[in-house]
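Asks: Next come the chains, spelled out residue by residue.
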Amino acid sequence: MGKRTVIPFGPQHPVLPEPVHLDLVVEDEKVVEAIPQIGFVHRGLEKLVEKRDFQVYVSITERICGICSFGHSLGYSQTVEALMGIEVPRRAEFLRVIWHELSRVHSHLLWLGLLADAFGFENLFMQCWRLRERILDIFEKTTGGRVILSACCVGGVYQDISDEDLRGIILVLDGMKSEYNELLKVFLGDRSVKSRLCDVGYLSKQQATELCVVGPFARASGITEDIRNYGYGAYGALAAFEPVVSEAGDGYGRSEVRALEVLQSMDIVKELVEKIPDTPVNVAPKGSPAAGSFAVSRLEQPRGECFYYAKGNGTKFLDRFRIRTPTSQNIGGMTTTLQGCDLQDVPLNVLTIDPCISCTER
Amino acid sequence: MSSTIKSPWLIHYDASSCNGCDIEVLACLTPLYDVERFGIINTGNPKHADIFLVTGSVNERNIGVLQQIYSQMLEPKVVIACGICACSGGVFRDCYNNLGGVDVAIPVDIYAPGCAVRPQAIIDAVVAGLGVLEEKRAAFAATGGKLAEKPVLASGLSSANKIVDGVSVRDAAFTKAREASKALASVTDRQEGANND
Ligand code: SF4
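Going down the list, the protein sequences come from chains R and P. The working numbering numbers the first residue of the first sequence as 747 and each following residue consecutively. The working numbering numbers the first residue of the second sequence as 7 and each following residue consecutively.
No wet-lab data here; the hints were simulated from the structure. There's no promise every hint is true.
Claimed, not checked - To spell it out: a stretch of chain R is covered by chain P in this simulated footprint if at least three of its residues, at any positions, have a beta carbon under 8 Å from a beta carbon of chain P; those stretches are:
#1 889-896
#2 996-1007
#3 1050-1062
Stated by the list, open to error - Computed far set for chain R versus chain P, every beta-carbon distance over 12 Å:
#4 I753
#5 E764
#6 K797
#7 S815
#8 R876
#9 L877
#10 L882
#11 G914
Keep in mind the model is a prediction, meaning the values are calculated, not measured. Just so it is clear, CB atoms sit at the ideal spot from N, CA and C, and this is done for glycine as well.
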């Protein structure tokens, strides 16, 4: 048995886009234990709900995380709408899902790029980020923002997308698809990529169930759980929805799930654009959430199931707003995959759960 | 003109940003904006870096990390605050765990506002930073490699340890620095829109 050493990993580390600190207890080259320390990005956004009008707070929820920003504003709006019994116009629901799915494409492309960077495939990283810019162009055209969209509001969405622009989106996605398929071949078929990812960070289905992991991380271990399956918002209008699942349970499985979800999201956007009804896009909320009322809602973020809770107190300020983010669920899974792994696999293991620290810490 | 500014190396640290600005910083390095064509390279090692890009605001937990990275960078160095959070605390200004912009921890040379900061603004800021870098280098060379004065760690702060040790976090100097960043915030508020109040 080798001597035990503690290696600090982070908060500032070349492979980490976000600050998280891990104390890696190693024996020779093997990690025996990983102790996470968080708190570097904590701002206290849940508390801010007491100081901001419930309609203004939408812009704060967007800034919980810049990658899933649209998702958080959507989750918050859904919750407050449930709280106040607001019926959202149908077109707004479609537009929300379109933006949300586009965010998923951008988030997964971003992650695939970072993954490629982590195993040293610089070219692939650049290609993923090059493709991702097309989605950002769509965002910029339809909302004016590249990462913070400010499109969602309580009662619907702020602005409509014209039918012409919707057709434009389809054209962009169609154009991307052939290029993306080329990348897909590398991610899923390339021998060197496979040998870097296969059997790295294995998590069995049983472990995944016991640790309550969510999202692509869970789906890569064979759990068929996807909140979109329950048909919230415009997802109910889809002809069919089948979650992408892999049985592999390792780094390869996780990249496979996310890589295929990109294609799935593109198809969802296409289908919804064809079916989109013609109604107004928002209704003005009347009054304030009633005292003592509370509501919950769930949402499938790019990183997994996200849970929202809001409680009203009769004024225009909410009493409490709470989020349970996917990454906080997945940290347990991450530390499990880190136990017993080789030191050089640590960055890859941390990355394959697609951690979003700023969501987790808020 | 020295060789330094022909190929400045960057280090990026996410203080407590929402990721919005981080991914824009990364976007600058990737094909569409591609700052590598100017010789700018992203590095993870503070000792190799000339320009320090900070996104997000400062809190009690990361203030020490920021100062640590800053002190590990070799002279001459330039600090760029990217995004409104880094400039003044921005959207999170009223949060309980927010001390303000990056300038409460380390001296900032260039402010690049925006929420999220646009890649164009980052590139502009880096280019402006090159001018500052050249000035600092010239001054540094003129003294024969000695610092002209002891580095001051923040506007009005005499020593960084005061904060890091957590003894007198909110002493008078600190409050002063915070006031200054608030004053800046009121200016930048307009760019942020009326969203906040
Ligand atoms: S300035 Fe805006 S986008 Fe940038 S880190 Fe702050 S909240 Fe996020």
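Asks: Checking C-beta pairs, does the segment 889-896 of chain R have three or more residues closer than 8 Å to chain P?
Replies: holds (count 4)
Asks: Counting residues of the segment 1050-1062 of chain R that have a beta-carbon nearer than 8 Å to any beta-carbon of chain P, does the count reach 3?
Replies: violated (count 0)
Asks: Evaluate the condition: distance from the CB of R876 of chain R to the nearest CB of chain P exceeds 12 Å.
Replies: With a cut-off of 12 Å, R876 of chain R comes too close to chain P, as the shortest Cβ separation is near 4 Å.
Asks: So is the segment 996-1007 of chain R in contact with chain P by the C-beta rule, three or more residues under 8 Å, or is the coverage claim wrong?
Replies: As far as the segment 996-1007 of chain R goes, the hint is violated, because 0 residues have Cβ atoms under 8 Å from chain P.
Asks: Is K797 of chain R truly not at the interface, in the sense that its beta carbon sits beyond 12 Å from all beta carbons of chain P?
Replies: Violated: least Cβ distance 6 Å, not greater than 12 Å.
Asks: At 12 Å, judged by beta carbons, does L877 of chain R keep clear of chain P as stated?
Replies: Per Cβ check, L877 of chain R is inside 12 Å of chain P; nearest 9 Å; violated.
Asks: Closest CB-CB distance from S815 of chain R to chain P, is it above 12 Å?
Replies: violated, 7 Å
Asks: For G914 of chain R, which was marked as not at the interface, is the minimum beta-carbon distance to chain P over 12 Å?
Replies: holds, 19 Å
Asks: When you look at the beta carbon of L882 of chain R, is every beta carbon of chain P farther off than 12 Å?
Replies: Violated, since 8 Å does not exceed 12 Å.
Asks: Taking the closest pair, is the beta carbon of E764 of chain R still more than 12 Å from chain P?
Replies: Non-interface label fails for E764 of chain R: nearest chain P Cβ at 5 Å, not farther than 12 Å.
Asks: Test the statement that I753 of chain R is away from the interface with chain P: the closest C-beta pair must be farther apart than 12 Å.
Replies: Consistent with the label, I753 of chain R stays out of reach of chain P, its closest Cβ about 16 Å off (over 12 Å).
Checked against the numbered hints listed earlier, the structure breaks hints 2, 3, 5, 6, 7, 8, 9, 10; every other hint is satisfied.
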